[in-house]
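Asks: Here is how the chains run, residue by residue.
Number of protein chains: 2
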Amino acid sequence: MTEFNLIERLRQWVSMPAPGVVTGIGDDAAVLTVEPGFELLASSDWLIGEVHFFITDPPALVGYKALAVNLSDMAAMGAIPRWALLNISAPAQELKWIEEVAAGVVELAEQEGVVLVGGDTSVGQHAVSVTMLGLVEQGRALLRSGAKPGDLVVVSGKTGEAAYALEAIRKGDEPPSEALHRLQQPRPRIALGRALVGKASACIDISDGLLADLGHIATASSCGATVKLNKLPTSSLLETLPAQRRWEMQLGGGDDYELCFTVPQDRMAELTHLSAQLNLELTVIGVMDEEPGVKCIDPAGRRWEPRRRGWEHFE
Amino acid sequence: MTEFNLIERLRQWVSMPAPGVVTGIGDDAAVLTVEPGFELLASSDWLIGEVHFFITDPPALVGYKALAVNLSDMAAMGAIPRWALLNISAPAQELKWIEEVAAGVVELAEQEGVVLVGGDTSVGQHAVSVTMLGLVEQGRALLRSGAKPGDLVVVSGKTGEAAYALEAIRKGDEPPSEALHRLQQPRPRIALGRALVGKASACIDISDGLLADLGHIATASSCGATVKLNKLPTSSLLETLPAQRRWEMQLGGGDDYELCFTVPQDRMAELTHLSAQLNLELTVIGVMDEEPGVKCIDPAGRRWEPRRRGWEHFE
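These protein sequence lines map, in sequence, to chains Z and F. Here our numbering is used: position 123 in the first sequence is 143, and no number is missing along the way. Here our numbering is used: position 266 in the second sequence is 286, and no number is missing along the way.
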């Protein structure tokens, strides 16, 4: 198989016609239609072998995750994900790896109603870069900057399991399958993001770690936040861990792809309703306040400082 | 410097407010406004160290080229380039390299009125991935698929100098500065692309090599093409080479980022005018025909077959 054959195969995989796609894969650029009254959302993330995934991971799962982390950015903005561009590189002999990664991307794309409209392949290390395009009603995107002191801090689902799996793998242990699933196949919270439009005052997805990402909301909103450690939603897997170790994973582990958002206190009833409707746990873990920074309060009411607040690749 | 500092610095470099940008760098996604009556164009290409550039190249020139090759895709579609997303990776100790690449991207972006609105950085090999977004009037994008038998095949500028420079570098020689400039700093033909909207029947940019790219037009348009070798525009640098070697570079070298397009014969006068207006050579090198494939005719009127028709990374 050659590179051109692969592009041809990808073109066949992608079901056309698709809404908004005038010209998809196969020209110099995709031609797309943005409906009147909507704004365009664009995000780009990449996954690199031995940094974000192991090159021994099943390639279809690498592709799944590369799209999922970008869908998670769309969820965090309250957007409808629409189109993706996919760049993949692999060593010269591994066109098969590229094909399997692409298959993983296309599978999740179909599930989420996303159309692959372009991209590039190259010889290089094992790496995948996805650019995601979506739409949101004009002026309604969920930004990081709208939180106000007094707003409640809410997190969806549970955090820390991806970090738990990663720690096991790094030690050479086999991680429990539910934790591995959370690491390799995070479920982007698209429906939640859409439902939060007009409700949440600020929103972010938890890729760097809960504290680091809540810190981004606090900074962008020119305020601070306080998190109560005894409020953190805890999976049965993490429940048995010593508290310190558990908190580190839940607050600093990263790779969770849940949403962290803020809501005015008087909207709490709507959240309860939403949680039931989506069958998704939504937990109030703290409150925004005036004091800059994110503070953690342990069950005894004392300040607690984690060893690490999130991921930094370059230190 | 940390990764977060770098993103903050990038945010400061990018002049805001910018037309169409509601929210740029610094949230989960950029929020962009597409004007009514326009379609969105999206393309993505990447440059990988030791594949598309040498890691000893000046990083600002790597950044320049990463954006330039994507601008070239916009030119080939007749689009107005508007927004870019930039992903850069480098080994852990080389945040400085990332910063200098980004500076090269931002410099060309400013020259071309493009705004950097998002992206990602990571530890990895030296690599740069750019996604380019642009606009074109509804239904007016220059596709590969509109050529008809009888249409003239036109190429802008001159091809082959980038291949000449690359060959010299691979031999360990110092390439002539004008050839090196063509390789490292190709000038995307944005103004030409815009001027061809409504005139050209098909258009592509020459990144894979003239014959391969003209072949893409022929295939997409369900016809063929014949190129006359004595019509190829030849730079003074390549004029002294033996004909066979010169043709190989001009037709199969790739990395030229000129435009190859087709026009109905009765529009020739407009092209002459356009060439003068843009101060850019536009040369008719052949004609589209019914016979599938791209045929080359040498000065003696015989068929000529190149050893290589273009770039294939995976063979």
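One should not assume that every hint holds.
To be verified - Pairwise CB distance ranges (calculated):
(1) Leu298/F / Arg29/Z: 53 to 59 Å
(2) Arg287/F / Pro56/Z: 29 to 35 Å
(3) Phe74/Z / Arg287/F: 42 to 48 Å
Unchecked claim - Partial pick of chain F residues on the chain Z-facing surface, computed with a CB cut under 10 Å:
(4) Asp65
(5) Met94
(6) Asp318
Quick caveat, the hints were computed from the structure, so don't treat them as lab data. In this text, all values refer to a predicted model and were calculated from it rather than measured experimentally. Note that CB positions come from ideal geometry on N, CA and C, so glycine has one too.
Asks: A separate judgement is required for each hint: does it hold in the structure or not?
Replies: Against the structure, the hints:
1. Leu298/F / Arg29/Z: 53 to 59 Å: violated, 39 Å
2. Arg287/F / Pro56/Z: 29 to 35 Å: At 34 Å between Cβs, range holds.
3. Phe74/Z / Arg287/F: 42 to 48 Å: violated, 56 Å
4. Asp65: Asp65/F check passes; min Cβ-Cβ to chain Z is 5 Å, inside 10 Å.
5. Met94: holds, 6 Å
6. Asp318: violated, 27 Å
When held up to the earlier numbered hints, the structure conflicts with 1, 3 and 6 and fits the remainder.
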